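Dock chain Y against the given chain R, drawing on the hints supplied.
Below, each chain spelled out in residue letters.
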Amino acid sequence: MSKRTLPRLLQTPAVLLLLMWMLVPLGMTLYFSFIRYVLNSLRRPEWTTPSLSNWRGFGNYEYVLFKAKDFWFAVQNSVLIVGSVIILTVVLGLAIAVLINRSFPGRGIVRVLLISPFFVMPAVNAVLWINMILDPVLGLNGLAVAGLNEMIAGLKSFPVLGGFFSLWPEIEPISFRATQTSAIAVIIMVTWQWTPFAVLIFMTSLQSEDQQQKEAAILDGANAWSMFRNLTLPHLGRPIAIVVMIQAIFHLSLYAEIEIVSRGNGNKNLPYLIGEFATNNIGAASATGIIAVILANIVAIFLLRMVGKSLMD
Amino acid sequence: MNKLKTTFLGLSMCAASALTAHAQELTIAIVNNGHMINMQKVAEAYTADTGVKLNWVSLEEGVLREQVTSDTATGGGQYDIINIGMQEAPIWGAAGWIEPLEFGAEYDIDDMLPAIRNGLSHEGTLYAAPFYGESSMVMYRKDLTDAAGVSIADNDSWDNIKAAAMAIHNPDAGVYGACLRGKPGWGDNMAFITTVVNSFGGAWFDKDMRPTIDSDEWRAAINFYVDLLGNYGPPGSEGNSFNEILALYNEGKCGMWIDATIAASFLEVDGVAYAQSPNAGNPVGANWLWAWAMAVPAGSPNSDEAKKFIEWATSKDYIKAVAMHPEFGWGSVPTGTRASTYAYPEFKAAAAFAGAEMAAIESAAPEATDLKPYVGVQFAAIPEFPEVGSAVAQEMAAALSGAKSVDDALAASQAAADAIMSEAGYY
Numbered sequence: 001m002s003k004r005t006l007p008r009l010l011q012t013p014a015v016l017l018l019l020m021w022m023l024v025p026l027g028m029t030l031y032f033s034f035i036r037y038v039l040n041s042l043r044r045p046e047w048t049t050p051s052l053s054n055w056r057g058f059g060n061y062e063y064v065l066f067k068a069k070d071f072w073f074a075v076q077n078s079v080l081i082v083g084s085v086i087i088l089t090v091v092l093g094l095a096i097a098v099l100i101n102r103s104f105p106g107r108g109i110v111r112v113l114l115i116s117p118f119f120v121m122p123a124v125n126a127v128l129w130i131n132m133i134l135d136p137v138l139g140l141n142g143l144a145v146a147g148l149n150e151m152i153a154g155l156k157s158f159p160v161l162g163g164f165f166s167l168w169p170e171i172e173p174i175s176f177r178a179t180q181t182s183a184i185a186v187i188i189m190v191t192w193q194w195t196p197f198a199v200l201i202f203m204t205s206l207q208s209e210d211q212q213q214k215e216a217a218i219l220d221g222a223n224a225w226s227m228f229r230n231l232t233l234p235h236l237g238r239p240i241a242i243v244v245m246i247q248a249i250f251h252l253s254l255y256a257e258i259e260i261v262s263r264g265n266g267n268k269n270l271p272y273l274i275g276e277f278a279t280n281n282i283g284a285a286s287a288t289g290i291i292a293v294i295l296a297n298i299v300a301i302f303l304l305r306m307v308g309k310s311l312m313d
Numbered sequence: 001m002n003k004l005k006t007t008f009l010g011l012s013m014c015a016a017s018a019l020t021a022h023a024q025e026l027t028i029a030i031v032n033n034g035h036m037i038n039m040q041k042v043a044e045a046y047t048a049d050t051g052v053k054l055n056w057v058s059l060e061e062g063v064l065r066e067q068v069t070s071d072t073a074t075g076g077g078q079y080d081i082i083n084i085g086m087q088e089a090p091i092w093g094a095a096g097w098i099e100p101l102e103f104g105a106e107y108d109i110d111d112m113l114p115a116i117r118n119g120l121s122h123e124g125t126l127y128a129a130p131f132y133g134e135s136s137m138v139m140y141r142k143d144l145t146d147a148a149g150v151s152i153a154d155n156d157s158w159d160n161i162k163a164a165a166m167a168i169h170n171p172d173a174g175v176y177g178a179c180l181r182g183k184p185g186w187g188d189n190m191a192f193i194t195t196v197v198n199s200f201g202g203a204w205f206d207k208d209m210r211p212t213i214d215s216d217e218w219r220a221a222i223n224f225y226v227d228l229l230g231n232y233g234p235p236g237s238e239g240n241s242f243n244e245i246l247a248l249y250n251e252g253k254c255g256m257w258i259d260a261t262i263a264a265s266f267l268e269v270d271g272v273a274y275a276q277s278p279n280a281g282n283p284v285g286a287n288w289l290w291a292w293a294m295a296v297p298a299g300s301p302n303s304d305e306a307k308k309f310i311e312w313a314t315s316k317d318y319i320k321a322v323a324m325h326p327e328f329g330w331g332s333v334p335t336g337t338r339a340s341t342y343a344y345p346e347f348k349a350a351a352a353f354a355g356a357e358m359a360a361i362e363s364a365a366p367e368a369t370d371l372k373p374y375v376g377v378q379f380a381a382i383p384e385f386p387e388v389g390s391a392v393a394q395e396m397a398a399a400l401s402g403a404k405s406v407d408d409a410l411a412a413s414q415a416a417a418d419a420i421m422s423e424a425g426y427y
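These protein sequence lines map, in sequence, to chains R and Y.
Heads up, the first sequence is in full-length UniProt numbering, so the first residue is 1 and it goes up one at a time.
Heads up, the second sequence is in full-length UniProt numbering, so the first residue is 1 and it goes up one at a time.
So here's chain R without its partners, still in its complex pose:
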């Protein structure tokens, strides 16, 4: 018996359990994606039980990719949401982290307030935003627009300025549940929730920035922007890569916000599409799931390379 055999034997149960943990659900999804499997059917009762005799080959994939509604739209919308949220959170996170990195009175309280959105549950976040802030009648959005309209109406009766204000059109509040805007609403609320995460990461790594190097730069007469550009930003390369990677993984699986804002109207991603298929057609839902796993892995490979590179430097 070599030195390594015993440890390996002892590890075996754990490894097997882990394999089962991952492979059984994946294997079942793969199996369902190749057969006809619907929960209920009046015409074809034989499809309601999963069995090899309902083998369908790539039929479910063909249906999902080319016949059913919205697959390509869901992919495109996922990219839009994830991309926008990442760009916005990194830019906002950097700006806020740099701002609160200096010392000022009340810094502790400001930091706690800044970070608190991150601890709100996603569904609560969506409900709060869509009903209390973005609602065009009863929310802040509607109230603000109504107030603005009233103010303009009041100004119209002013002697000189009235002529100017009477040219102003009545402002309509934007509905954030509409097809055109529901993706924007989701981007706003997810950005609000995840900016604190970026701030937190950037803030901690700003603390480790080399102060002597900065002092030297000041002595050499460098301005704030070039110091940020040439010293801070390169220093933050790694944390930015990590923020991008973690957010990309998390936001690919958004569900609650989409459901609450628009029920998929003009705004859905692959998990949401799977949920729609799963009301009856398990075969199609499984096929979409397998495609989503493949796409997510492709994204993960690129991201890991990016992060790996920044870690190697």
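Where hints are given, some of them may not hold.
To be verified - Quick partial rundown of chain Y residues pointing at chain R, CB under 7 angstroms, derived from the structure: (1) 73; (2) 76; (3) 78; (4) 95; (5) 99; (6) 386; (7) 391; (8) 397; (9) 419; (10) 423; (11) 425; (12) 426.
Claimed, not checked - Residues of chain R clear of chain Y, computed beta-carbon distances all greater than 10 angstroms: (13) 15; (14) 39; (15) 99; (16) 142; (17) 235; (18) 300; (19) 301; (20) 307.
By construction, these hints were calculated from the structure, which means they are not laboratory data.
Model, not experiment: these values are computed from the prediction.
Just so it is clear, CB atoms sit at the ideal spot from N, CA and C, and this is done for glycine as well.
This is chain Y only, laid out in the frame that chain R set:
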């Protein structure tokens, strides 16, 4: 995995029942609507009389549907009694997922409103007993219509409804002419839109079950709907369903609302008047029909006890028990199931909308006819409908938002429905 879970659950249940010997227990999955929540208290008397212990699992509508569908489809056996609606009852009965119900003479099944009874039956056999039922009607502010000098009649024409909405529409004062459902969902905007389509003479499917969403009747109906709600509705209508509109109405922001009859009992605005839904002249009518009902999943080990409980909970005695209960009263009895309920003078006094509700329910016709070859008024009682309905619902919301033209939305709906129906093996 599921089988394993079921076996395990079954084994542990067997062990538990062996221990407790004869004490009977029933697990009941209910939707968390007011009437069902009240039932939990009223049923304490049932437990006292019979010794049957009742375990309630109260869930939100969508979650309940999901839970109950997967549990029933896979034969999970978690529940002895489940709450289902009119969309599921006939299909699940046909699939053998739920047991047929037969009650004694005292139950007086002929007292059941025929429209509700038919909607919960498959080939003449009752599969789910109705707990409460509803239709839809026009609810409007009489003060506003009077001030504008317009009136709304029973089964008015859609042109008149539009004229009335136009007359009372006054966004500067925060009052919108018509509040209608726009939130996408087969039970949300499609419930209302389908009744409009019905009233224009359209239907979901033809006799071969091919979708007919690109027909002229649909085009006329959707153009009318988008025009009415887009011009005289509150901003952000694509986000409004029952609860949102109820809030708007009670804030005094709606002049007219066409929705479920049950809404009338929640309205806190004075001077509300009721009218039967508008119709463009189609016999199917323009109001919907819905009932929450109780059913027994097939193979429940306690099916006899479960049926006895359902017989009690949907009987005349139950309605009286709610009326006499110290916490409730005639205003809280479940309506829309039995003709006898509407005969009580105390009920008529407590519910001003009772007459309009009864008339609306009686005029709805869920049966399959030449005009629409499927069961259901504002839905089709086929397993694929939730999928078809949600897909079309999103297109209709897009048309309402102005993101798509009505023609484009209808074409996309037709293509999506066609894909789902052919995938399901209908043709």
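Now the hints, each set against the structure:
1. 73: Result: holds, 4 angstroms to nearest chain R Cβ.
2. 76: 12 angstroms, violated
3. 78: 16 angstroms, violated
4. 95: 6 angstroms, holds
5. 99: Residue 99 (chain Y) check fails; min Cβ-Cβ to chain R is 16 angstroms, beyond 7 angstroms.
6. 386: 5 angstroms, holds
7. 391: With Cβ-Cβ at 5 angstroms, under 7 angstroms, it holds.
8. 397: 4 angstroms, holds
9. 419: It holds, given that the least Cβ distance between residue 419 (chain Y) and chain R is near 4 angstroms, below 7 angstroms.
10. 423: 6 angstroms, holds
11. 425: Holds, because the Cβ-Cβ distance from residue 425 (chain Y) to chain R comes to roughly 5 angstroms (cut-off 7 angstroms).
12. 426: With a minimum Cβ separation of about 6 angstroms from chain R (threshold 7 angstroms), the hint on residue 426 (chain Y) holds.
13. 15: The assertion about residue 15 (chain R) holds, with a minimum of 21 angstroms to chain Y.
14. 39: Since the minimum Cβ distance to chain Y is about 4 angstroms, residue 39 (chain R) lies within 10 angstroms and the statement is violated.
15. 99: 35 angstroms, holds
16. 142: 7 angstroms, violated
17. 235: The claim stands: residue 235 (chain R) keeps its Cβ more than 10 angstroms from every Cβ of chain Y (closest is about 44 angstroms).
18. 300: 26 angstroms, holds
19. 301: Holds, since 30 angstroms exceeds 10 angstroms.
20. 307: 35 angstroms, holds
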